[in-house]
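Asks: Respectively, the protein sequence lines represent chains A and B.
Each residue of the first sequence is one higher than the last, beginning at 1 in the working numbering.
Each residue of the second sequence is one higher than the last, beginning at 1 in the working numbering.
If you are wondering where the hints come from, they were derived from the structure by calculation, not from laboratory data.
Keep in mind that the hints are not guaranteed to be accurate.
One copy or two, it doesn't matter: identical chains are merged, so the pair holds either way.
Below, simulated DSSO-like cross-link-like pairs (lysine-lysine); rule was C-alpha separation at most 30 Å, straight line [what the hints assert, rightly or not]: (1) K15 x K176; (2) K248 x K152; (3) K152 x K58; (4) K163 x K248; (5) K257 x K77; (6) K257 x K58; (7) K58 x K131.
Keep in mind the model is a prediction, meaning the values are calculated, not measured.
Protein chains: 2
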Amino acid sequence: MPLVVVGSVAFDCVKTPSESRDDVMGGSASYFAYAASYFTPVRLVSVVGEDWPDEYTKLLESRGIDTSGLEVVPGAKTFRWEGKYLDNMNDRETLDVQLNVLENFDPVLSDEFRRSPFLFLANGSPDVQLKVLEQCTGATLAVADTMDLWIKNMPDELAALLKRIDGLVLNDSEAKMLTGDENLVRAGHAVRAMGPRFVVIKKGEHGAMFFSQHETYVMPAFPTPDVVDPTGAGDSFGGGMMGYLAEKGNFEPKTLKEAMAYGTLTASFTVEDFSLDRLKQIEREDLDRRLEEYRHMLSF
Amino acid sequence: MPLVVVGSVAFDCVKTPSESRDDVMGGSASYFAYAASYFTPVRLVSVVGEDWPDEYTKLLESRGIDTSGLEVVPGAKTFRWEGKYLDNMNDRETLDVQLNVLENFDPVLSDEFRRSPFLFLANGSPDVQLKVLEQCTGATLAVADTMDLWIKNMPDELAALLKRIDGLVLNDSEAKMLTGDENLVRAGHAVRAMGPRFVVIKKGEHGAMFFSQHETYVMPAFPTPDVVDPTGAGDSFGGGMMGYLAEKGNFEPKTLKEAMAYGTLTASFTVEDFSLDRLKQIEREDLDRRLEEYRHMLSF
Numbered sequence: 001m002p003l004v005v006v007g008s009v010a011f012d013c014v015k016t017p018s019e020s021r022d023d024v025m026g027g028s029a030s031y032f033a034y035a036a037s038y039f040t041p042v043r044l045v046s047v048v049g050e051d052w053p054d055e056y057t058k059l060l061e062s063r064g065i066d067t068s069g070l071e072v073v074p075g076a077k078t079f080r081w082e083g084k085y086l087d088n089m090n091d092r093e094t095l096d097v098q099l100n101v102l103e104n105f106d107p108v109l110s111d112e113f114r115r116s117p118f119l120f121l122a123n124g125s126p127d128v129q130l131k132v133l134e135q136c137t138g139a140t141l142a143v144a145d146t147m148d149l150w151i152k153n154m155p156d157e158l159a160a161l162l163k164r165i166d167g168l169v170l171n172d173s174e175a176k177m178l179t180g181d182e183n184l185v186r187a188g189h190a191v192r193a194m195g196p197r198f199v200v201i202k203k204g205e206h207g208a209m210f211f212s213q214h215e216t217y218v219m220p221a222f223p224t225p226d227v228v229d230p231t232g233a234g235d236s237f238g239g240g241m242m243g244y245l246a247e248k249g250n251f252e253p254k255t256l257k258e259a260m261a262y263g264t265l266t267a268s269f270t271v272e273d274f275s276l277d278r279l280k281q282i283e284r285e286d287l288d289r290r291l292e293e294y295r296h297m298l299s300f
Numbered sequence: 001m002p003l004v005v006v007g008s009v010a011f012d013c014v015k016t017p018s019e020s021r022d023d024v025m026g027g028s029a030s031y032f033a034y035a036a037s038y039f040t041p042v043r044l045v046s047v048v049g050e051d052w053p054d055e056y057t058k059l060l061e062s063r064g065i066d067t068s069g070l071e072v073v074p075g076a077k078t079f080r081w082e083g084k085y086l087d088n089m090n091d092r093e094t095l096d097v098q099l100n101v102l103e104n105f106d107p108v109l110s111d112e113f114r115r116s117p118f119l120f121l122a123n124g125s126p127d128v129q130l131k132v133l134e135q136c137t138g139a140t141l142a143v144a145d146t147m148d149l150w151i152k153n154m155p156d157e158l159a160a161l162l163k164r165i166d167g168l169v170l171n172d173s174e175a176k177m178l179t180g181d182e183n184l185v186r187a188g189h190a191v192r193a194m195g196p197r198f199v200v201i202k203k204g205e206h207g208a209m210f211f212s213q214h215e216t217y218v219m220p221a222f223p224t225p226d227v228v229d230p231t232g233a234g235d236s237f238g239g240g241m242m243g244y245l246a247e248k249g250n251f252e253p254k255t256l257k258e259a260m261a262y263g264t265l266t267a268s269f270t271v272e273d274f275s276l277d278r279l280k281q282i283e284r285e286d287l288d289r290r291l292e293e294y295r296h297m298l299s300f
């Protein structure tokens with residue numbers, strides 16, 4: 001079933017302890033859309049400036065992603081993010097952010113996009129996320145991501161959003177900040193009590209946790225020796241997870257758990273190179289093969 | 001089959017953000033022995049001062065632990081450790097250490113103990129660990145723990161030990177320090193290349209990783225909302241793991257994986273109260289019940 005994602009598309013400048021890349025394709029919606037495209041038709045809603053290279057759009061389209069919702073603002077510049085990873089490759093510093101076109105991002109979706117049964121509100125301000133949610137009257141499953149900035153600066157808007165969505169995906173540090181609880185098991189359920197039917201806490205190299213009324217579980221990250229650039233891992237996780245749910249067309253507990261596994265494995269490929277470079281090399285069967293390895297790893 | 005453990009027995013003073021306890025039973029060998037006692041006959045080798053309360057020894061004996069190797073030094077004091085946990089309950093500061101009787105600990109094992117087929121060298125100086133290993137001519141499986149202090153100060157002795165043991169258990173930060181590699185998958189295999197046939201990296205609240213020539217896997221910690229005091233979690237993990245191996249009497253890949261799971265779950269009970277207080281309340285069937293929950297959690 002079609003899956004629509006609304007979020008950022010960016011130029012990333014990434015420094016790791018051993019290498020760096022400038023002006024590569026980044027952004028939450030790019031990673032999400034590319035990751036989800038292994039599973040289901042994806043509709044991308046975002047904004048770029050006129051500096052955005054046509055080949056980046058073509059790369060997304062090469063995986064069947066519908067980019068008709070990618071607005072190009074004449075005379076304006078694309079969102080830029082610059083970051084640096086510490087030696088542990090799990091923590092990072094943001095060196096520079098230039099919002100540019102993202103500052104006035106006020107997405108208006110086409111009628112077709114509004115009827116998409118699966119909706120992902122990638123990280124963005126909760127008031128924009130709410131506006132999109134109101135447009136998407138056809139969504140049977142709406143899931144959002146958020147970040148520390150909105151937890152600190154827009155708590156009321158975020159609280160309103162949480163009452164309206166089915167699922168929330170956030171980082172461990174954000175879950176602690178949002179709830180004031182340092183224990184992630186309690187924090188996960190406390191976020192759930194704020195509205196969403198399920199909550200996913202992403203722990204970077206340590207995997208992800210799932211919380212619903214009747215279930216609490218942890219899935220470890222796939223142990224890869226080749227962590228080259230963790231940028232986009234969380235968004236790829238979301239893309240793999242939501243893509244699989246949309247493919248299956250349901251969000252039963254069993255499907256959600258399989259979706260958590262696919263999210264984990266999609267992210268495990270993303271970190272093996274810069275930008276989308278590793279995902280560009282794989283097909284769906286590579287994900288399925290790694291899923292079998294992962295299933296074997298977790299059975300005893 | 002009998003399992004012998006050589007390590008510390010201590011008075012612990014523990015502060016957590018919400019509570020504290022003074023002079024409770026602690027030490028690597030105490031936690032290890034108690035945890036292992038759910039699975040197999042355990043033989044404890046350690047040393048205490050004349051300030052050691054008889055009821056602490058009796059508590060160990062109540063679980064069938066053979067304490068004939070617990071030396072009491074007249075006129076001397078027991079090893080003391082004082083520590084404080086940070087808000088995240090995963091990081092801690094050591095506030096005070098008084099080695100006391102541990103300073104001159106030079107264990108001499110009885111003939112019966114030397115014939116034990118399973119041996120665990122709990123954290124201690126590698127030269128003492130080597131001396132014990134040389135005595136234990138009956139050991140078919142010898143596993144050791146170590147810590148940052150020995151990695152920094154006794155690298156040659158540690159290297160000699162690593163060439164002689166079958167397995168090493170250590171923390172994530174220690175594995176990084178020992179190998180100079182921040183990627184735990186590479187670090188685990190690098191430690192293995194130093195000698196042991198298998199390596200277990202403990203990641204605290206994030207679980208544990210296993211490395212052998214043919215296998216690499218991660219097992220997440222059991223998600224408990226009740227983390228009261230993490231002291232002894234790593235030693236309980238080791239006790240549950242080694243206890244199960246000794247119970248089965250082999251260390252085949254399948255048994256090792258089940259042992260990793262039992263180690264994980266034994267530790268998950270330990271952290272639910274101070275000292276051995278939570279373990280005191282459980283029986284083997286509580287571990288088995290949690291194992292089934294854990295197995296269900298990891299299957300999809």
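Asks: Run through the hints listed earlier and report the numbers of any the structure violates, in increasing order.
Replies: 2, 3, 5 and 6
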